[in-house]
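Chain order of the listed sequences is W and R. Residues in the first sequence are numbered from 1 upward in steps of one, following full-length UniProt numbering. Residues in the second sequence are numbered from 1 upward in steps of one, following full-length UniProt numbering.
No lab work stands behind these hints: they were computed from the structure. Quick reminder that beta carbons are idealized off the backbone N, C-alpha and C, glycines included. You may find that some hints are simply not true.
[Claimed, not checked] Cut-off 20 angstroms, straight-line C-alpha distance, at most; resulting in silico cross-link-like pairs (EDC-like, lysine to aspartate or glutamate): (1) W:LYS40 / R:ASP99; (2) R:LYS298 / W:GLU290; (3) W:LYS2 / W:ASP118; (4) R:LYS79 / R:ASP99; (5) W:LYS119 / R:GLU287.
[To be verified] Footprint (simulated), chain R over chain W, 3 or more residues, beta carbon under 8 angstroms: (6) 235 to 241; (7) 296 to 308.
There are 2 protein chains.
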Amino acid sequence: MKKTVLIIGAGGVAQVVAHKCAQNNDVLGALHIASRTKSKCDDIVASVHEKGAMKVEGTFDTHQVDATKSDEVAELIRKTGAEIVINVGTAFVNMHVLDGCLETGAAYIDTAIHEEPDKICETPPWYANYEWKKKDACAEKGVTAILGAGFDPGVVNAFARFAVDEYMDEVKSIDIVDVNAGSHGRYFATNFDPEINFREFTGVVYYWEDGTWKEKQMFETGHEWDLPVVGKQMAYQSGHDEVHSLATNYPQADVRFWMGFGERYITVFTVLKNLGLLSEQPVTLAEGQEVVPLKVVKACLPDPSSLAPDYTGNTCIGDLVKGTKDGEEVEVFVYNVADHKVAYNEVGSQGISYTAGVPPVAAAMLIADGTWDTKDMRNVEELDPKPFFTILDRIGLPTRVSFKDQDKAWNA
Amino acid sequence: MKKTVLIIGAGGVAQVVAHKCAQNNDVLGALHIASRTKSKCDDIVASVHEKGAMKVEGTFDTHQVDATKSDEVAELIRKTGAEIVINVGTAFVNMHVLDGCLETGAAYIDTAIHEEPDKICETPPWYANYEWKKKDACAEKGVTAILGAGFDPGVVNAFARFAVDEYMDEVKSIDIVDVNAGSHGRYFATNFDPEINFREFTGVVYYWEDGTWKEKQMFETGHEWDLPVVGKQMAYQSGHDEVHSLATNYPQADVRFWMGFGERYITVFTVLKNLGLLSEQPVTLAEGQEVVPLKVVKACLPDPSSLAPDYTGNTCIGDLVKGTKDGEEVEVFVYNVADHKVAYNEVGSQGISYTAGVPPVAAAMLIADGTWDTKDMRNVEELDPKPFFTILDRIGLPTRVSFKDQDKAWNA
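All chains should be modelled from the sequences, with the hints used to inform the complete structure.
Shown next, in the form of structure tokens:
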């Protein structure tokens with residue numbers, strides 16, 4: 001049994017992780033949260049206590065850490081005695097936090113792929129550029145590291161594994177569809193860190209088809225999907241983390257990712273990108289100051305966590321998986337629908353943060369009870385999805401399946 | 001006879017001013033140009049010599065100056081012996097350059113209203129906030145100061161004066177229409193300094209109707225104009241310098257300004273404005289750096305002078321003036337059409353810089369020969385327009401008149 005959890009990060013997703021850890025502290029033990037700005041951690045823990053979220057009596061301590069320094073992370077792990085680290089800081093710190101875990105033996109969980117600030121969209125498969133280089137080190141030291149255990153990547157990887165295992169002999173394609181049909185009432189806002197959000201879409205769209213990597217431009221290919229609860233929605237083929245591990249684990253399948261965008265998002269994105277305002281490379285102002293335009297855009301946009309109180313509507317994220325079973329063509333849609341307002345009422349965050357923040361806590365609980373404590377590095381599709389779904393059902397993100405005109409719970 | 005000209009500024013308009021001064025150095029004498037960055041002045045003078053633009057043998061010297069310091073400006077005026085200063089630097093330096101002229105007795109010409117960097121769209125009439133406070137000082141010291149002697153403001157003020165003087169007993173309305181039907185082939189660019197360009201449209205739209213100041217929002221009121229050469233074009237009621245002096249000099253007339261905008265401009269402007277990226281107030285980045293968003297947008301956009309080589313098409317700028325003559329309703333459209341390509345071939349600049357840069361040189365020539373050397377402060381409508389048109393006809397911006405189905409030269 002591993003216990004004592006250290007959360008790294010203090011944004012909208014960290015808020016959800018903190019609340020969910022508190023609600024399950026009978027399994028997870030003592031809780032800690034650390035960020036560059038300790039006061040943000042204090043605010044989060046205060047909101048946990050306001051909601052009376054701690055299931056059993058226990059501690060929830062806050063710390064300051066510079067997570068770009070693996071030494072500082074290791075020192076904090078030792079100081080807190082953390083056995084599980086849930087990293088929901090910016091994607092720029094992943095490898096440093098993982099190194100801290102390797103140094104101390106603590107289990108590692110993250111929800112997005114590592115990024116270097118000055119590089120956008122590296123060569124596929126993305127995980128091979130950073131994370132997978134530490135596979136051997138994890139195995140040698142017996143360190144459990146679960147990569148991309150948010151919703152997408154994360155739960156959608158488990159959806160794919162489940163669909164393939166349960167519904168087919170052979171998989172032919174995996175299409176992941178992420179639609180947010182909610183409304184925040186602002187002119188424009190991103191649902192998570194604008195810097196990371198925009199970086200997802202400024203690069204090449206990589207996807208896996210016919211056993212090879214192919215490339216598109218963003219917004220080159222759109223498709224209207226007809227989805228449960230949220231109905232007909234346009235989604236566009238985009239680059240995304242999980243394509244890079246699923247293509248490696250299911251090389252026989254085409255793997256694509258589709259993100260829903262409203263017209264407003266596309267207009268704003270197109271203007272900002274064409275003007276060079278989404279660039280991660282510094283420009284020099286007339287007055288001589290060096291500035292990264294994307295960071296200025298981020299500073300001007302609403303803080304994603306500020307959207308929560310007014311957010312209404314639902315998200316629908318799922319996998320359309322096609323293959324053959326007993327020689328016949330089959331297809332199944334495995335999905336979750338989340339409600340922004342319900343998320344806010346429960347943990348004070350909007351649905352996007354909720355869907356990203358709940359799954360890594362489920363993963364932590366599975367490490368804590370040993371089920372997923374593999375002592376090596378895994379992507380989520382390399383783990384048994386059923387115990388994951390069982391916990392997710394219970395803690396707020398139920399998995400459903402559409403198959404042959406039937407819509408039902410995954411285990412019905 | 002005043003001679004020896006000092007040009008302040010080294011942007012696209014200064015380039016035109018320099019070429020036109022050189023082409024008329026028999027009237028204007030020795031030439032000087034100064035800017036914060038001397039190398040930009042060197043480039044401009046080099047282009048003057050490349051084109052063989054100097055009409056008669058003479059000097060064209062370059063200097064470094066910080067035009068936000070009136071002492072430095074005064075010292076440079078003394079050093080060069082300049083008797084006429086053409087200020088085409090940023091609108092932020094106007095009052096400092098004017099002070100330098102007041103200190104030394106040199107005549108002053110500018111092409112846009114003074115602006116303070118941290119203030120947008122002050123109370124009308126705008127000239128009363130800065131320039132007109134120096135009216136008495138100019139008169140006492142016998143300093144000639146011609147305000148807003150570009151195209152708009154400038155030539156359009158003369159168009160209004162001419163229409164009223166020649167075509168009516170009583171003026172009822174003056175509508176200034178500025179349409180650029182040219183194409184630069186870029187996704188988006190402003191035709192002059194983006195910072196000044198956007199500042200024009202982020203504030204309240206002030207206009208004068210029924211003897212009082214009224215207010216609108218930008219893009220609130222659009223109208224399709226059918227104009228000579230450029231044809232049908234949408235223009236939107238906007239704030240503009242000349243409305244503020246014309247309303248003071250013709251309080252009995254409604255005075256409005258209309259600027260042509262394409263859909264792309266409106267989309268980009270709307271996105272940037274709504275996101276807060278046109279703000280002149282600093283924001284604090286996550287990393288702590290303080291940055292003015294508008295200055296970052298400026299740094300990302302194409303340098304307006306870089307548009308010139310590929311620019312094609314025409315501008316049409318004119319005044320629709322309505323009134324009564326001998327008891328009957330009359331209306332007249334006084335206008336100029338300029339061709340981007342012709343401007344580039346002559347002076348290496350696009351048409352917008354050309355229309356802004358030629359008129360102050362005509363004004364300088366009228367000061368040089370005494371015609372406009374009034375030894376006090378004037379807006380252009382307070383000066384005889386005919387000698388101005390005569391020079392403009394000759395140096396590249398002919399004035400035409402549409403009246404009762406006739407289209408003709410102003411003096412035909």
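Quick rundown of the hints versus the structure:
Pair hint LYS40 (chain W) plus ASP99 (chain R) does not hold up; C-alpha atoms about 51 angstroms apart against a cutoff of 20 angstroms. For the suggested pair LYS298 (chain R) and GLU290 (chain W), the alpha carbons sit about 13 angstroms apart, so the restraint of at most 20 angstroms is met. For the hint pairing LYS2 (chain W) with ASP118 (chain W), the CA-to-CA distance comes to about 36 angstroms; that exceeds 20 angstroms, so the pair is violated. Restraint check for LYS79 (chain R) and ASP99 (chain R): the C-alpha separation of about 16 angstroms stays at or below 20 angstroms, so the hint holds.
At most 20 angstroms may separate the alpha-carbon atoms for a hinted pair to count; LYS119 (chain W) and GLU287 (chain R) meet this at roughly 18 angstroms. With 0 residues carrying a beta carbon less than 8 angstroms from a beta carbon of chain R, the stretch 235 to 241 of chain W misses the three-residue requirement, and the given coverage is violated. Counting residues of the stretch 296 to 308 of chain W whose beta carbon lies closer than 8 angstroms to any beta carbon of chain R gives 6, which meets the minimum of three for the stated coverage.
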